[in-house]
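*Asks:* These are the residues of each chain, in order.
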Amino acid sequence: MNKLSQYKGFFTFLIGMLFLCLVFNLSLGSVNIPLWEAIKIVLGYPTTKPTFEYILLDYRIPKAITAMLTGGSLGVCGLVMQTYFKNPLAGPYVLGISSGASLGVALLLIGSSWLGGWFIFSEVGLRWAIMIAATLGSILVFCLILIAAIRLKNSTSLLILGLMFGSLTAAIVNILMFFGSKEAIQKYVFWSFGSLGNINASELKILGLVLLVGLSIAVYSIKNLNSLLLGENYAESLGVSLKKNRYLLILSSSLLAGATTAFVGPIGFIGLAAPHLIRLLIPSTRDHKIILPAVFLGGALLLLVCDSIAQIPGSAYVLPINGITSLIGAPLIIFLILRQKN
Amino acid sequence: MITLNKLTTGYAKNRISKEISTQMQLEIKKGSLVGILGSNGIGKSTLIKTLAGFLKPLSGNVEIQGKTVHEMNPQQRAKYLSVVLTEKNFNGDLIGKELIQLGRQPHTNWRGKQTQEDQEIVLQILKQLNIEQLAEQMLKTMSDGEVQKILLARALAQKTPIVFLDEPSSHLDLFNKAQLFQEIKHIVKKEKKTVVFSSHDLNTAIQICDQIIILLNNQWEYGSPEELIEKGVFQSMFPKESVFFDPKQKQFNICV
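Just so you know, the sequences run in chain order A and B. All residue numbers for the first sequence refer to our numbering, where the first residue is 23 and numbers rise by one. All residue numbers for the second sequence refer to our numbering, where the first residue is 25 and numbers rise by one.
Derived from the structure by calculation, the hints contain no laboratory data. A hint or two may mislead.
[Said to hold, decoys possible] Stretches of chain A that chain B covers, calculated by requiring three or more beta carbons in the stretch to come under 8 Å of a beta carbon on chain B:
1. 251 to 260
2. 305 to 311
[Said to hold, decoys possible] Below, a list of computed lysine-lysine pairs in the PhoX-like style, where the Cα atoms sit at most 20 Å apart:
3. A:Lys-265 - B:Lys-137
4. B:Lys-91 - B:Lys-73
5. B:Lys-53 - B:Lys-183
6. A:Lys-108 - B:Lys-54
7. A:Lys-30 - B:Lys-183
[Said to hold, decoys possible] Far from chain A by the CB rule (all over 12 Å, computed), these chain B residues:
8. Thr-32
9. Asn-97
10. Ser-106
11. Glu-111
12. Gly-116
13. Arg-135
14. Glu-141
15. Gln-157
16. Asp-190
17. Leu-198
Fair warning: this is a prediction, and the values are worked out from it, not measured in the lab. Where a beta carbon is used, it is the ideal one built from N, C-alpha and C, also for glycine.
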């Protein structure tokens with residue numbers, strides 16, 4: 023459809039913004055690193071203060087990369103779900119994948135406190151256990167959705183089913199919390215705040231790999247996503263195998279939403295807001311060849327901005343990222359919708 | 025050429041099947057304009073959807089150039105036939121040109137990259153249907169007639185030998201309807217495409233079709249309008265006291 027070169031300026035703008043936010047983000051935190059020093063370290067120049075280098079390379083850069091990767095992935099996942107379900111309210115979590123992750127984590131944290139096996143985990147062991155539990159939870163819901171997808175014909179039923187799975191898992195988590203110990207509930211609540219900074223380099227590699235697979239599938243599906251803009255019957259008449267395409271999209275969004283939730287906890291609204299933001303900025307095309315990469319950059323940008331706000335410039339506090347994304351995302355969507363009406 | 029072999033269409037649900045048109049045996053020649061006529065709910069859409077491979081026949085089959093339609097995969101089918109459906113649940117933010125360009129999807133690579141040739145085909149069709157002014161307009165801002173033309177343009181851009189149109193003229197006023205059918209007639213003649221459309225607009229269909237399939241309750245008739253008039257099929261479609269067929273003027277009149 024539209025040529026990529028037509029949108030060169032827009033992509034340059036997005037990448038420029040992303041770079042600016044990245045530098046700004048790196049300079050923020052409990053230790054104040056001047057902007058200029060941050061740029062120098064990022065670009066590989068020697069620095070006068072080795073502590074800055076240590077803080078940046080070991081903590082802030084992995085965190086910023088995590089923010090961009092997960093933000094971008096959540097955005098793409100939201101876009102794929104919005105196109106597939108032809109519903110602007112769809113997002114990465116509509117299939118209930120991340121609720122599955124929450125269930126896994128709740129079962130681990132609260133369930134293990136019942137068994138008294140709580141303290142068998144060391145600090146590092148617990149982190150890994152949480153990731154594995156979240157992954158297993160996502161996979162469980164993913165399998166249930168897949169079994170349902172084989173039987174269901176239209177995408178709307180699948181959407182409702184995903185929402186129901188989400189409610190069901192949330193209900194189970196609620197009941198678990200009712201019986202859970204104080205410490206376990208506290209751990210769970212902290213997990214549900216989301217955290218971008220808890221990831222080290224080796225974990226980042228695994229996360230990056232899984233997200234890359236999910237993103238690759240989404241990119242492979244670009245042509246079919248474009249056909250789906252016409253509705254499922256037209257898409258089929260254009261050569262889309264609806265079933266195969268559906269499995270690919272479910273797999274892609276499960277990997278993207280599941281891996282993100284497993285590694286950084288639930289992060290709301292980015293997946294919903296990023297596609298809306300991009301569509302508002304470039305209303306002249308619906309071509310996923312343009313929109314999809316733009317949404318990845320937009321999602322990365324949004325989460326990076328949210329993370330910068332969560333640092334509260336000038337203070338040592340770090341607010342929960344999941345709260346900030348909703349705090350920024352919800353008004354953004356309200357604003358976009360009100361603007362559309364005019 | 026489209027061949028219907030003892031085709032029975034309908035819906036099978038919970039092991040109870042509802043047969044709609046039964047044991048149809050007929051051939052549609054290449055380069056002909058065929059109308060499927062019948063009253064509301066008689067199964068015109070079901071027949072069109074079965075011919076186009078969206079629905080599986082209850083029994084029998086449809087063959088296009090010797091290949092069974094419902095056994096082809098969507099990619100193969102997309103090269104033989106294109107469709108204009110009644111459903112309008114496409115994304116309203118699409119602009120006219122983008123929607124028409126989607127008709128080129130079966131001919132593009134895995135990324136859906138439009139070549140120079142694809143773009144020229146789209147421009148030529150915009151010109152042919154005289155809808156260049158709609159190219160940059162969003163679908164949600166267009167009238168029913170304009171949308172219908174864009175959808176026809178998309179089907180033509182697919183460059184298939186066969187085009188199926190489900191109720192292309194419903195919601196259109198007389199002028200838009202005339203324009204649409206003139207264009208269709210022109211395409212059939214010039215490009216030797218086979219066009220099959222369903223309609224409940226009997227008078228128009230009798231005027232423009234080469235062949236007509238009439239669906240009646242558990243019955244069907246196939247032939248040129250003249251043959252069907254001779255057989256007296258049209259008059260048998262409705263009770264005489266409400267609708268009356270005038271064989272000389274070749275049209276239905278409401279009895280007042």
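*Asks:* State for each hint whether it applies.
*Replies:* Evaluation of the provided hints:
1. Coverage of the stretch 251 to 260 of chain A by chain B holds. Counting CB-CB distances below 8 Å, 8 residues qualify, and the rule asks for three or more.
2. For the stretch 305 to 311 of chain A, the proposed coverage by chain B is satisfied: 6 residues have a C-beta within less than 8 Å of a C-beta in that chain, meeting the threshold of three.
3. Using a Cα cut-off of 20 Å, the hinted pair Lys-265 (chain A) and Lys-137 (chain B) is violated, with the two alpha carbons roughly 23 Å apart.
4. Restraint check: the Cα-Cα separation between Lys-91 (chain B) and Lys-73 (chain B) comes to about 17 Å, which is no more than 20 Å; the hinted pair holds.
5. Restraint check for Lys-53 (chain B) and Lys-183 (chain B): satisfied, since their Cα atoms lie roughly 18 Å apart, inside the 20 Å limit.
6. Between Lys-108 (chain A) and Lys-54 (chain B) the CA atoms are separated by roughly 37 Å; this puts the pair beyond 20 Å, and the hint is violated.
7. Taking the CA atoms of Lys-30 (chain A) and Lys-183 (chain B), the gap is about 32 Å. The hint is violated against a cut of 20 Å.
8. No Cβ of chain A approaches the Cβ of Thr-32 (chain B) within 12 Å, the least distance being about 22 Å, so the stated non-interface status holds.
9. In this structure Asn-97 (chain B) is not separated from chain A by more than 12 Å, as the shortest Cβ-Cβ distance comes to only about 7 Å.
10. Remark: the non-interface label on Ser-106 (chain B) conflicts with the geometry, its nearest Cβ contact in chain A lying 7 Å away (cut-off 12 Å).
11. The claim that Glu-111 (chain B) lies off the interface is violated: its Cβ sits roughly 6 Å from the closest Cβ of chain A, which falls inside the 12 Å cut-off.
12. With 12 Å as the threshold on Cβ separation, the claim that Gly-116 (chain B) sits away from chain A is violated: the shortest Cβ distance comes to roughly 10 Å.
13. Not every CB of chain A is more than 12 Å from the CB of Arg-135 (chain B) (nearest about 6 Å), against its label as outside the interface.
14. Against the 12 Å criterion, Glu-141 (chain B) stays outside the reach of chain A, whose nearest CB is about 15 Å from its own CB.
15. Here Gln-157 (chain B) stays apart from chain A, with its beta-carbon at least about 17 Å from theirs, past the 12 Å limit.
16. A beta-carbon of chain A is positioned within 12 Å of the beta-carbon of Asp-190 (chain B); the least distance is around 10 Å.
17. Every Cβ of chain A is farther than 12 Å from the Cβ of Leu-198 (chain B); the closest lies at roughly 28 Å, confirming the non-interface assignment.
Hint compliance for this structure: hints 3, 6, 7, 9, 10, 11, 12, 13 and 16 are broken, all remaining hints hold.
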